[in-house]
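Counting in the working numbering, the sequence shown runs from 1 upward without gaps.
Calculated directly from the structure, the hints in this document are not laboratory data. Some hints here could point you the wrong way.
Once the Cα atoms are required to be at most 16 angstroms apart in a straight line, the calculated EDC-like pairs of lysine to aspartate or glutamate come out as [as the list claims (entries may be wrong)]: (1) Lys608 to Glu391; (2) Lys66 to Asp152; (3) Lys986 to Asp967; (4) Lys956 to Asp987; (5) Lys608 to Glu513; (6) Lys225 to Asp152; (7) Lys477 to Glu565.
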Amino acid sequence: MEIGRSGFLFLLSFSIQVTLIFFSGNFQPSYAQERYAKGYCSMYGICGQRSDGKALNCPNYTRSIKPDELLSSKIQSLCPTITGNVCCTAEQFETLREQVQQAVPLLVGCPACLRNFLNLFCELSCSPDQSLFINVTSAKQVNGSMTVDSIDFFVTHQFGEQLFNSCKDVKFGTMNTRSMDFVGAGAQNYSEWFTFLGRQANLNEPGSPYPITFTSYISDLSGIKPMNATTYSCGDSSMGCSCGDCPSSAVCIDSLSPAPHVKQSCSIKLISLKVKCLDFSLVIIYLFIVCAFLVWNFVYIKKKEGPFRTKPLLNVKGESSNDKQETHVSQTTAMVPSGLKAHDPSVIQLYMSNFFRKYGTFVSKNPTLVLCISLSIPLLLCIGLIHFKVETRPEKLWVGPGSRAAKEKQYFDSHLAPFYRIEQILLASVSPSVGERPPSIVTEQNLKLLFEIQKKVDNLHANYSGSMVSLSDICLKPLGNDCATQSVLQYFQMDLQNYDTYGGLTHAEYCFEHFSSDQTCLSAFTAPLDPSTALGGFSGNNYSEASAFVITYPVNNVLDETSIEFRNAVAWEKAFIQLIKDEIVPMVQAQNLTLAFSSESSIQEELKRESTADVITILVSYLVMFAYISITLGEKHQLSSIFVSSKVLLGLSGVVLVLLSVLGSIGFYSSIGVKSTLIIMEVIPFLVLAVGVDNMCILVHAINRQPLELLLEERISNALTEVGPSITLASLSEVLAFAVGSFIPMPACRVFSMFAALAVLLDFLLQVTAFVSLIIFDSLRAEDKRIDCFPCIKLRSSKAISEGAAIQELGLLARYMKDVHAPLLSHRGVKVFVVVAFIGFSFASIALCTRIQPGLEQKVVLPRDSYLQNYFDDLAKYLRVGPPLYFVVKDFNYSLESGNTNQICSISQCDSHSLLNEITKASLEPESSYIAKPAASWLDDFLIWLSPEAFSCCRKFIDGSYCPPDDQPPCCQEKDGSCTVDITCKDCTTCLHYSDLHDGRPSTMQFKEKLPWFLNALPSSNCAKGGKGAYTSSVDISGYQNGIIQASSFRTYHTPLNKQKDYVNSMKAARHFSSKMSTTLKMEIFPYSVFYIFFEQYLDIWKTALINISIGLGAVFVVCLVLTSSFWISTIILSVLTMIVIDMLGIMVILGIQLNAISVVNLVMSIGIAVEFCVHITHAFSISSGNRETRMKVALSTMGASVFSGITLTKLVGVIVLRFAKSEVFVVYYFQMYLALVLIGFLHGLVFLPVVLSICGPPSRSTSDSILQDQETPQTSS
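Please put together the full structure from these sequences, using the hints given.
In C-alpha cells, the structure reads:
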C-alpha cells in the first residue's frame, strides 16, 4: 500500500553535511594572520574528529597544491569550474563527493540548480583561491591538534540570489512539495538558506561539524574578495530545467495554461442596485403579462357587459330563486347537477364511460368474485418479499454501474490498490468566549494527554471469531513494523520515554518548522510528518497556534467484504468507537477539551441506525392518516345513526389495499433481484396513500351523491361512470410518468420510479376492483342496519334511523366548497388577484431556481444525536489539507520510440507541456484548479534514480544484481545506532553511464530491467529516491514486459474542501483538466479521488432532475391528450403541473434545500400528487354543462371536497408528525418538502386551476351550451 495514501510519502531526512578534509601540516592560524591572497588556502588537512566521527579541518594557511592527473579528472567531473591547483586532496574530494550525493537526487531534476549548488561547495572545499573568501574565525584543540571551530564564508549577494532563484521552485515530488523544504528547511530567500546550511549539527546528526557564517559584507581594506562563481539561470535553455522546476522560464511563461474562464453572470446596474439579467428579464416579462391580462380583462368585460348591463341584475335575482330550489334538490339528490349528464364526450371517454357502466353492474352482482380475484394478485406478488433486501451502500444508490466514476474507481482499485480506511480523532481546545480564538492545543499537558489516549488505542483488542485484533494487525505499514499513524507524537517516535529525552514541548515546536530537515523529527515509520496533517485550526504556517490535534490511523483496505481482513478491520473499528465513547471522551472532557471522532464504517453504521431511529415517528404519521381516512369517509348523520352510517371499517380496508399495493410492488421487484432503498420505504407509501385515499374519497362521495331511490347496482354503475374516467386518467398519467422515469441512470431515481409505477398501478386496480367490492359490502351492511366495525350486530329499525338514511346531507367540506369557496373565486377582483399572484410567484421561483445548490450535507442524513455531527463540524473547522487526488495514466508506452515518457515527466528534457508540468502550473492557481501541490511522480524519481548523476542510487554488483546505497545493508552494518560501512559494496558501480542513455533517457530494455529494482529500493539518506513504500502501489507492473504499463498514478492533493459545492467544483475542475491533457497528449488520463463516486451525481443532477420532471410532465400530457381528446384541457393541466414543480423549486431555495437524489425523487413524486389535485377538477369541469362560471362551481362542488379531504387534510395531519423526527433528513426532505407540496398543490388545484378554467377553460361539449358560452362573462358577481 502506498504510504502517500495517508498524505505523507516516505523519505528519510536530508541535510547537507559539509566536511572539509585536509592533510595535516604546520599550523599557522589564518584568523591570526588575516592574510587573503590568491592561490592560498585557509584550511588544509584533517587535524581531528568530533566524538561522533565527523572530521575537523586544520586551520592551515598554505599555498594551493597541483593535484595529480587522476584527482584532477575526478574534481573536474564534479567541479568543472575548478582547474589547476586545488585546496583539497583525493581523500577530501571523496568525502565531499559522498556528502553532496545526498543533495543530488533532490536537485538533479533541474541541472542549473544542481550545478549552482555544487559550485558553492566545490569552491568552499577545493577552490585554489580559498583564502580570498574563507576566514577561520576560531579554532580549538582536539587530541593535541588545533582544529577549525568556526569559519566565515564570504559570498556575493548576486551569487546567493541567483543560486536561490535557480533552486526555489525545484520540486520534490515524493513529498508533493519543493526540494527547498529539505535542502533549505523551507527557506524563503538565500539568506535563510545559507543560515540553515551553516548551522552546526548536533552530535550524530547530519550537518556541518562547526558553524559556517555566510556573509556578503566586507570592509574596503580587508582584502577579502567574496566568492562569485559562475551561476546558471534555471531558464537557461542549455541547462534543460523543466517548467515544473522553473516556472519563470521564458518558455514556460509562454506555455502557461490560460487561467480557467470563470463564468461571469450577466447583470444590470439600476442606480445603486445590481440586478441579474435573468431576474430583470423575468420582471419585464411578468409586468408585460400582467398588463396584457388586465387590459384584456377590462376590454373583454366592457365588451360583453355593454348591451346587457341590466341582465346580470336579473340573473342575480334568478339565481336566488334557483338557489332555493338547488338546496331542496341537494337534500334529496345530493346535488347532482344536470350539466353532468348533458355533455358530449369524446370517443375514448364514451368508451370508458360505457365500460365503467357495464363493469359497475358486473361488480355489483359479483362483489365476492371480484374481491377474491383482485386480492390474489398482490398477495401472490408479496411472496417475493422473502427475497427482500435493502441497498444501503451510497455508491450503489447514487452512481450507476455504468457511470464514469464507478468505472474509474473499479479500474483504480483493481490495477493499483483500494483507498485505505481512515480512523480519525480530532482533539480541540475550547474558546473561552464566543468570538474569541481558542487557545493553542500545543501544551505540555495536552501532549501528555495525547500519549495517554494513544496508549489506550494501542492496547485496544477487538474479538472477531475468537481471535483478538489490534491496531498493529490491521494498520498501514509502508516500511517495517510501525504503523503510519499521523500524529504529533510521531515527533517522539510515538514513545513517551522520548518525550523528555528529546526536549518535550520545545522539540515538538522545533519539529513543526524542521520536520523535513532534522533526523530527530522523523516518525517511527522513518518518514517526515508534515505538521499540517497532524494539526488543525492554525493560520498560514503558524503551527504553534493550532487549536486542534488531528490523529489519523490509516488501515489497510480490501475489496472483498467477506474476507477475514475486512471483517477484522470492521470489528476493530466498532471497538475503537466504543472505547472512545466509554473511556476517552471522559478523559478529554476532564481537561476542558472537545473530542470528535470517526471510523471508516461509522457512516454506514449511523445510516443503519438512522433508518430505524424514526420508525415510530413514521408509524405514528401513518396511523394518524389512517385514523383521519377512516373518519372522513363516513357520512355525517344524527347521533342515533352514526354507528350504521360511519365507514371506519371501509376506510381501514382501503388503507390495507394501499399497503398491499406497496408490498406487492416491493415483492415483485425483490423476486427479480432488485434491491429496495430507504427512499422507497419512506416515500412510496406516502405517495400511494395520497393517490389511494383521493380515489377512495372520490368513489365514496360519488356514490353518496347518487339518489337513494336508485338500486345499489345503479348507484354503483352511475358513480363509476361519473368518476371512473378521471380516476383512470389520473392513475395512468402517474403510472406512465413514473415508468418512463425508470430509464434514468441514477439508481436511486430509477429504482424509485420502477417501484412507484407498479405500486400506483396496483393501487388503481385494487381501488376499482377490491375497494368497489368493499363499498358494496359496506352499503349492504348499512342497508341492513348493521354496526360499522361489528357487522354481526344488527340495530333495531327506528324512524330516526330510517329518516337519517333517507336524507343525504352535504358534508361540511362540500357545503364550504359550494357556498363559500366557489362563489368567492367567482369575484372579478379575486380572479385578478389569483392570476397575478400565482404567475408572479412562478416567475419569482424561476429566478430562484438558478440559486439552488446541488449536494446533500452529510450531517443532514445522520441522526441529530450522532457523534458524527460534531465530527463533520470539526473537520470543516480545523482541517487544513484536502483529499488526495490521483491522475491515472492508462496504457503508458515506456518504449524510447513512443515519446510517452517525455510527455508525462517533469524533470530536465521533459516536454514543457507534459502532464506533470501542467499539474504543477495548475497548482499555482489553486482557487480555480483546486490542486494544492505538484504531483508526486514515480516516473520523475525513477529517471533521477536511474541517472548516473545520482551515483549512489542505481548501483549494481559485479554479477549484475542490485546493489543498495552505502548506508543500507549489506553495504553497512548497524552498530550502536550508527552505520559502519562494509567492504561488501566497495566494487559496486552505477547501473548506467552517460553513454548508455539516449538524450538522458533509458532504452526500452533498460527501463524494463530497472523498474522493479526502483520499486523495491529503500529510500535512505544516500538516496532519497528509492521507490519502495512511496510508489509501491503507484504502478501496475503486471504484464509490463510488453512495453505497456496498464495503469500508473501520480498523486497530488485537492485544496481543503469544506462545502458541498467545493467537492463538486473540484471534481469538475479535475475532470476538465484531465480531459484537456488527454486530448493534448493523445493519452487516456483520468482523475480519481475517493469522494468522486459520491459526488458524481451532482455534476449532472440538474440534467437528471430536468429529464425526470420533463418525462413526468410529458407522460401526463400524452395520457391526458389521448384519454380526453382535448389539447386545450391537456395544455391547462400541463401548465398547472409545471407551475407546481417550478414553485416547489422556488420553495427549495427559500428553505435552503439542496438538489440531490432525494429532492429529485420528491419533485417527481410531486407531479404524481399534483395530478390528483388537477385532473379530477378538470374532468368534472369538462363533463359538466353551462357557461365556464357555472361549470367551475359544479366542479368544485362535486370534486373539491373529495380532493381537499382525500389529499390535503390527510397529508397535513401525517406530515405534521414528521416535524418531530430525530433525523434532519426527515425534517428537511419529508416534512418541509411534503408540507410545501401539499400547500402548493392545494392552492393550485383548488384555487388557481378553477380560476383559470372559469376564464379560459375549454367550452362545454354540450351542443345546447354553445349559446351560453357566447354570452358568458368571466365573472358573475361584482
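Hints, verified against the model:
1. Lys608 to Glu391: 11 angstroms, holds
2. Lys66 to Asp152: 25 angstroms, violated
3. Lys986 to Asp967: 12 angstroms, holds
4. Lys956 to Asp987: Answer holds: Lys956 to Asp987 is near 9 angstroms, not above 16 angstroms.
5. Lys608 to Glu513: Violated, because 44 angstroms separates the two Cα atoms, which is more than 16 angstroms.
6. Lys225 to Asp152: With a Cα-Cα distance of about 12 angstroms, the restraint between Lys225 and Asp152 holds, given a limit of 16 angstroms.
7. Lys477 to Glu565: 15 angstroms, holds
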